[in-house]
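> Residue strings, one per chain:
2 protein chains.
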Amino acid sequence: MSLKTPYLMFLGDAADQLAAKTASGVVHWRSEICIGQLRLKGCNADLGLPEMTLEAAVNAGAKTLVVGVANRGGLISKLWIDILVRALEAGFDIASGLHSKLADVPDLHETAARHGCKLIDIRHSERLFEVGNGKKRRGKRLLPVGTDCSVGKMYTALALEREMLARGMNATFRATGQTGIFIAGEGISVDAVVADFISGATEWLTPENEPDHWDIVEGQGSLFHASYAGVSIGLIHGAQPDALVLCHEPTRSHMRGLLGQALPSISDCIAANEMAAQLTNPKSKCVGISIDTHHMASGSALEYLARLENEYGLPAVDPVLTGVEKILDNL
Amino acid sequence: MSLKTPYLMFLGDAADQLAAKTASGVVHWRSEICIGQLRLKGCNADLGLPEMTLEAAVNAGAKTLVVGVANRGGLISKLWIDILVRALEAGFDIASGLHSKLADVPDLHETAARHGCKLIDIRHSERLFEVGNGKKRRGKRLLPVGTDCSVGKMYTALALEREMLARGMNATFRATGQTGIFIAGEGISVDAVVADFISGATEWLTPENEPDHWDIVEGQGSLFHASYAGVSIGLIHGAQPDALVLCHEPTRSHMRGLLGQALPSISDCIAANEMAAQLTNPKSKCVGISIDTHHMASGSALEYLARLENEYGLPAVDPVLTGVEKILDNL
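Chains A and B, in that order, give the protein sequences. Just so you know, we're using the working numbering here: the first sequence kicks off at -3 and counts up by one. Just so you know, we're using the working numbering here: the second sequence kicks off at -3 and counts up by one.
Check before you lean on any hint, since a few could be wrong.
One copy or two, either will do: identical chains are not told apart, so a pair holds if it fits within one copy or between any two.
What the hints assert, rightly or not - Straight-line C-alpha distance at most 30 Å; calculated DSSO-like pairs for lysine-lysine: (1) K97 with K114; (2) K17 with K131; (3) K17 with K74; (4) K97 with K37; (5) K131 with K279; (6) K132 with K279.
Keep in mind that the hints were calculated from the coordinates and are not lab data.
Construct all of the structure, not just a fragment, from the sequences and the given hints.
Here's what the structure looks like:
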């Protein structure tokens, strides 16, 4: 799926800033394509963008209204329908990362059809993929993998892409999740494809390319997460990464959403991911460690990174605190 | 999904015996629920069942017409529509394992609705699952895993269930693929669920049970298959098997469908599967090796099994040649 830019960011009646996490991520990485925000009464989130009416946003060139807000259950709130209908009437496409589908709301479906606008439910891929074939493709690929979910894999990928482009390298971020897709303007929500096609969809997303081109593929889940490991291993096999970056959040007491399930050690996690990756790319190797030190005391973060470098013989960074240059230097 | 029995097996205009592989598997394992076969002109497959008209099958008590035939592309042939419509008019449910959906054929959809019959597309699960939670459930579970696809995982599971029941043990085969679902009359085609829900669907399929009850879960794919490993690891995590059985076909020169991709060694495959299984069941262990020796010279098969037993210290069987008793003795 592919989205027209620039975006008008719709926050609805978001309960708090966290409910607008997706939208915040898009603005953080692609402020240039987010020209304004539209909020309803009672909205408690703020992206720091100019407030815009639908009309003002159209005049400023906005093409897609992005529903960048999550609410309980991932539903499309009834309070939003009226303004979403008016957005379609004004010529917007609407893109949503919610679990429930825009296209299943009759008013939206009918209005979009009447005005020739698109409703893009990025969690629901309708494209049919082939099963993965495991054949080696030209071009290089890097994939962040994690000890757990939500340990900075997307952030690390985007920081690496930014730094590569700054160095004049040939690189493309490949989005595999909803926030990533809004940021890239295209991609595949790999956790939403049919199970048989996880690696095939990933092969399609990261096609043959110039020998010096790097796909920086957004990682998902963890091989050690009992809910999502299927997505993670299919993504690894399909991406056939030359380089892996291990991502970790050191203050977490258990796997996200799984009380009582401990995190794997960094060394076990590197070993398991290298083994999985070597099935489709025998040269695959972990080239660095990316830590989210946000919850650590500030003094101890740098000490911790130094200790990891010593222990694993790999550059260890926090993309926010130290940047990712050291990892690129190790490619 | 759950199917009404007994079945009338529909072979259509199957090109050869191989095209009726699914139907043959059902008859092999559950001849008592297959009361007849219905073949069109030009059908080159034969299940050895009595030929029956729709009327004769209804009178004999048949409840579901099983489309147990595969053709190129997994499509519903136009040549079949007429008789499928008449089956619905006669009161049959129709169950199909084809890729294309019965429910997408307007004539079938309308006729089924008019007569209150069900169209059951077993490859297309419409049930919504929760994501896996990894929590240990009561009851015991056994899962065959493979060095590759199509190395006898379903056959091994069914042979183990049969032997357990013969010993008076408390056991249930849990189907995860199309032939298995026809055989069990229920199950989930796990390769057809959305990627995020592979382990969750498997947890649902193998629920908490009596402490002495064994779920014998149909395995899928291989951790070493670049197309399908996502399904395999999700199934392992969701099934939380106490016991693994390693399945292998020793004459295969490459992974099925992947020219040039070698099979893993049995020892690597046991290690990787035990490691994956121990995430949700720390006591998980491989308890035996099941070999499809069908393509080996008859003298060498038993020798090969003896060599494996010696090398791995595990019982090694061919379910067809030797039966699976030795594996049960090792539980």
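> All hints are to be evaluated individually against the structure, with a verdict given for each.
For each hint, the structure was consulted:
In this assembly of identical chains, the alpha carbons of K97 and K114 lie at most 30 Å apart whether taken from the same copy (13 Å) or from different copies (26 Å). Taking CA atoms no more than 30 Å apart as the test, K17 paired with K131 passes between copies only; the shortest distance there is 29 Å, against 37 Å inside one copy. Taking the shortest alpha-carbon separations for K17 and K74, only the intra-copy value of 21 Å comes in at or below 30 Å, while the best inter-copy value is 50 Å. In this assembly of identical chains, the alpha carbons of K97 and K37 lie at most 30 Å apart only when taken from the same copy (23 Å versus 45 Å across copies).
Taking the shortest Cα distances, K131 and K279 sit within 30 Å of each other inside one copy (14 Å), while across copies they are farther apart (36 Å). Within a single copy, K132 and K279 get their C-alpha atoms as close as 11 Å, which meets the 30 Å cut-off; across copies the closest is 37 Å, which misses it.
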